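Novice: Those protein sequence lines, which keep their order, are chains B and A. Under our numbering, residues 1 to 393 are what the first sequence spells out, in order. Under our numbering, residues 1 to 225 are what the second sequence spells out, in order.
Among the hints, a few may not be true.
Dumping the calculated PhoX-like pairs for lysine-lysine here, alpha-carbon to alpha-carbon at most 20 Å [to be verified]:
#, chain 1, residue 1, chain 2, residue 2
1, A, 102, B, 83
2, B, 7, A, 24
3, B, 14, A, 102
4, A, 180, B, 7
5, B, 17, A, 124
Computed spacing ranges between beta-carbons, pair by pair [unchecked claim]:
#, chain 1, residue 1, chain 2, residue 2, range
6, B, 25, A, 222, 25 to 35 Å
7, A, 119, B, 312, 12 to 22 Å
8, A, 196, B, 360, 53 to 63 Å
Rather than coming from a laboratory, the hints here were simulated on the basis of the structure. These numbers were taken from a predicted model, which means no experiment stands behind them. We put the CB at the ideal spot given by N, CA and C, even for glycine.
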Amino acid sequence: MIWENIKLAFSSMKVNKMRTLLSLLGIIIGVGAVVAILTLGNSATASISSSISAGGLEMVSIFPASGQKSSETFDEQFCETLKSSVDGIDFVLPVNTGTSKLRNGQKTTNAQISGVPSNYAALLNYEAEAGSFFSQNDNLLKRQVCVLGSDIANELFPDGNAVGQYVSIFRTQAKSYQVVGVMKSKDPLLSIMFDNFVYIPYNTFTQRFRKVSMVGSYVVRTSDDADPIKVGDSITNYLNALVGKDAYDLFSPATLAEMSKSITSTFSNFLAAIAAISLLVGGIGIMNIMLVSVSERTREIGVRKALGATNRDIMGQFITEAVALTMVGGFFGIVVGTAISVAVTNLVSWTLHISYSSYIIAVGFSMIIGLFFGWYPARKAARLDPIESLNYE
Amino acid sequence: MSGNSVIEMVDVRRYFIVGDFVVKALDGITMDIRQGEFVSIMGPSGSGKSTMMNMIGCLDRPTSGIIRIDGTNTTEFSERDLAYVRNEKIGFVFQQFNLLGKLSALDNVMTPLLYARISPRERKEIAIEALERVGLGERMKHRPNELSGGQKQRVAIARALVNNPSLILADEPTGALDTKTGNQIMELFEQLNAEGRTIVLVTHNRELGMACRRQILIRDGRLED
Ligand SMILES: Nc1ncnc2c1ncn2[C@@H]1O[C@H](COP(=O)(O)OP(=O)(O)OP(=O)(O)O)[C@@H](O)[C@H]1O
Ligand SMILES: [Mg+2]
């Protein structure tokens, strides 16, 4: 019986292909959105955890905000204070950063100038391509030396041989800095970037670029045996108690995970709203098309009843038709949702992680919508009077 | 004519209320039809012939009176039980054929067996047999729109036969056919009757009606003798 009903359902869909497709649009969009939500959620989670485990997880950055509390607290000595106050910290480095114009002969570029301690490169496993990072003496003596990130080096010295040359760094006036090293290219560690930076000794930076003692930012590395997310939380708690949470920004792996979570959840909520509306509209579309189908086939229903179909038989036939219809919609929805997921993951360069459970959910949703919105038209068909239906023109 | 009573009607009335009027489509019909009979119901238009067929065929219920089919009173039957009676005991043939347009001749003939919950294999066997009986063994895969009027009516007759019903009800089965094809269909009914089937036929055509063994004349919802 069910099998016959399914065959009937598909044969009546085939009669009106365009109409069928249009009536399924809502279901297709709704199911597509559900599949996309789950697939993208899956892919996002997988990509975030893989990028976290790829490294950089152990870094926490602190950015003091302007304000009296901040400027009193966040000086160079704070590195030691923080390290001794919070467990699980390997080292804390002060970093000052500003944007400047850089020139070598005719070539100019804008770069991030970073004043860092001389052990910055060693501690962050940042290796030199040519020359070396500046020394402790360079820092103590506030020498005008610099080290170029690989992008900057390529831009100003396309032919190489930067080491030993001079570049001009503009602030209020141009100053000449001798290049002592060019660094290898390095992927960002969380929020810490490398290749588009120029590094100068911390003390040189403070003298030349900065009148205040407040440190621009701190780079914290957590100990290998500590959970970086927990250390991040401890630092947050410590700083909140010390200066209040408005006095600084903190960037940790937890922040990253939270950020991606909030991005994906915004996205998911958006898609879920689309899904809910589309499924409702789609369901009403199904109901509408089924009511049309019932009235078009009134005579058929009369004939079937004359041949011995019970009300329940008729009900079964039309419910099956509605469910078959929504299942076809669900199938197209899965195709559309997967296509959207492929496109979006490509766009934001995540790896696609197909959510097979979303397919099952999609099929289930389609079935429920078919049952729910097909029920009323089917009942209407079942309750038609046989004689009136037979005489229906 | 000594068979058991297939249909028995006792003072059957069917009133329709139309606005302020009561239309007495059947107004106290008492009669019976026995197994193996070939009966024609004749009367002027609007006399109540179709209404009577609907009563016999369990498509409609009487306002009052008793209808027995194979000795069973159906007046108190539920909707579902009436469907079973239609399926098991009645075979309908309509003036407008009423084939299911999307289905092949074979699928049309198989439909009553579907509702009788007969297995697919048996369904097919029995339906093929019925189609062969009406001379359409070659046209089984054809859809109704690929068949002539006479062929359509043969498919309809095969469909009426296929459940081996107690009686076949035909409401003006030749009404939509030309004389020659109509006569062929009548011939088929006569053969089926000769094989022992009980047939009730509504017709306007006096000639066809008189050819049946027995006539029931009806006027204004009452029997005439
Ligand atoms: N559903 C209905 N509602 C109201 N009146 C009806 C209904 N069905 C039939 N009638 C009336 O009952 C009477 C008998 O109708 P019926 O269809 O039985 O006539 P008939 O003998 O079959 O006529 P014809 O030869 O034209 O087919 C007619 O007056 C008709 O108008
Ligand atoms: Mg009539």
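Novice: Hint by hint, say whether it matches the structure.
Specialist: Evaluation of the provided hints:
About 82 Å separates the Cα atoms of residue 102(A) and residue 83(B), which puts this hinted pair outside 20 Å; it is violated. For the proposed pair residue 7(B) and residue 24(A), the alpha carbon gap of about 44 Å is over 20 Å, so the pair is violated. Only pairs whose Cα atoms come within 20 Å are accepted, and residue 14(B) paired with residue 102(A) is accepted, the gap being roughly 11 Å. Note on residue 180(A) and residue 7(B): the hinted pairing is violated, with a Cα-Cα distance of about 38 Å set against a maximum of 20 Å.
This hinted pair does not check out: residue 17(B) and residue 124(A) have alpha carbons roughly 30 Å apart, beyond 20 Å. Roughly 58 Å separates the CB atoms of residue 25(B) and residue 222(A), a value that falls outside the hinted 25 to 35 Å. For the pair residue 119(A) and residue 312(B), the beta carbons lie near 20 Å from each other, so the given range of 12 to 22 Å is met. Range check, residue 196(A) to residue 360(B): about 57 Å between beta-carbon atoms, so the 53 to 63 Å window is met.
Hint compliance for this structure: hints 1, 2, 4, 5, 6 are broken, all remaining hints hold.
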